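All chains, please: the whole structure from these sequences, using the hints.
The sequence shown stops at residue 316 when you use this note's numbering, and every number in between is there.
Do not rely on the hints blindly, as some may be mistaken.
In the SDA-like style, the derived pairs of lysine to any residue whose C-alpha atoms are separated by at most 25 Å in a straight line are [stated by the list, open to error]:
#1 162 / 215
#2 215 / 302
#3 240 / 162
#4 263 / 306
#5 215 / 148
#6 263 / 276
#7 158 / 83
#8 240 / 307
#9 232 / 286
#10 162 / 225
#11 307 / 174
#12 167 / 300
#13 302 / 172
#14 240 / 268
#15 215 / 166
#16 167 / 314
#17 215 / 167
#18 162 / 309
Calculated directly from the structure, the hints in this document are not laboratory data. Given the structure is predicted, the values throughout are model-derived calculations rather than measurements.
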Amino acid sequence: MKQIVEFIKTQVPFEIKRPSSLISIIIALIITGFCIQIGATIFDAIIDFIAPYTPALLKTIIPILTFSVTLNLNLISVTLFILGFFTTYRLVDRKILQKIGDTKIFEDDFDSGNFGWQLNYWGSNNPDKTCRYENSFIVFEAEDNELIDNRKEFGAYYDLSTGIYEGSKYVISCWVKAEENTNMGFKLWVHDTNGRNELKFPARFYTPGTTLEEVKVGFTGSSSQALRIHLHNKAGSGKILVEKVVVTKVRKA
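Rendered as structure tokens:
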């Protein structure tokens with residue numbers, strides 16, 4: 064049983080596991096469900112109210128019409144529930160995150176495979192090598208002739224769209240190292256999903272040391288209410304390995 068629970072935990076994205084998100088989901092479910100139930104109750108009350116005043120023929124037809132309308136209303140209710148839930152969730156989640164202090168809203172330690180990273184953006188002639196998962200690391204390894212992009216740059220990116228709100232401050236961190244005799248370049252590149260409000264750290268490519276070191280950059284949420292994290296690399300010899308990526312909502316970036 065413990066193994067099953069641990070397996071389920073590894074399959075659930077961190078965005079859903081964070082405490083503020085769980086609270087927001089519960090509140091959003093309660094509010095949305097309550098509103099949908101009120102709508103259904105009002106509809107039933109209207110049908111009950113008009114029933115005594117309908118002619119005999121309509122009394123025969125009304126159950127059929129009611130069944131048809133109810134079926135359509137169920138479909139409408141499901142749609143409204145989905146729309147209402149996500150809208151309410153974002154409103155509640157934003158309020159909760161504004162009230163609490165520094166809190167982790169995303170973490171990926173690459174222990175359980177790919178949970179949404181787009182690998183080898185800008186193209187690779189050898190994708191299984193140039194960007195891959197290996198021993199709880201995401202590994203980047205590419206010579207010039209293995210990349211399609213003329214700049215000979217590549218990497219992996221992740222779009223984070225939960226917990227990112229306009230005006231809120233965030234710190235994006237990753238832990239990176241290189242193998243000995245590596246001359247590849249690395250930088251942490253973050254921007255919103257419209258390609259604006261971008262930040263790169265360091266400003267120029269650099270080659271990490273052989274022991275893990277933290278690279279981080281501050282970010283302010285924009286109107287897109289999402290951000291894209293690039294683990295961006297320049298081709299060369301050797302390997303660059305990233306162990307973990309963390310996004311933290313902070314009071315001051």
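Verification of the hints:
{"no.": "1", "hint": "162 / 215", "in the structure": "violated, 44 Å"}
{"no.": "2", "hint": "215 / 302", "in the structure": "holds, 15 Å"}
{"no.": "3", "hint": "240 / 162", "in the structure": "violated, 36 Å"}
{"no.": "4", "hint": "263 / 306", "in the structure": "holds, 19 Å"}
{"no.": "5", "hint": "215 / 148", "in the structure": "violated, 44 Å"}
{"no.": "6", "hint": "263 / 276", "in the structure": "holds, 16 Å"}
{"no.": "7", "hint": "158 / 83", "in the structure": "holds, 10 Å"}
{"no.": "8", "hint": "240 / 307", "in the structure": "holds, 11 Å"}
{"no.": "9", "hint": "232 / 286", "in the structure": "holds, 13 Å"}
{"no.": "10", "hint": "162 / 225", "in the structure": "holds, 17 Å"}
{"no.": "11", "hint": "307 / 174", "in the structure": "holds, 9 Å"}
{"no.": "12", "hint": "167 / 300", "in the structure": "violated, 34 Å"}
{"no.": "13", "hint": "302 / 172", "in the structure": "holds, 18 Å"}
{"no.": "14", "hint": "240 / 268", "in the structure": "holds, 14 Å"}
{"no.": "15", "hint": "215 / 166", "in the structure": "violated, 36 Å"}
{"no.": "16", "hint": "167 / 314", "in the structure": "holds, 12 Å"}
{"no.": "17", "hint": "215 / 167", "in the structure": "violated, 33 Å"}
{"no.": "18", "hint": "162 / 309", "in the structure": "holds, 21 Å"}
Checked against the numbered hints above, the structure breaks hints 1, 3, 5, 12, 15, 17 and satisfies the rest.
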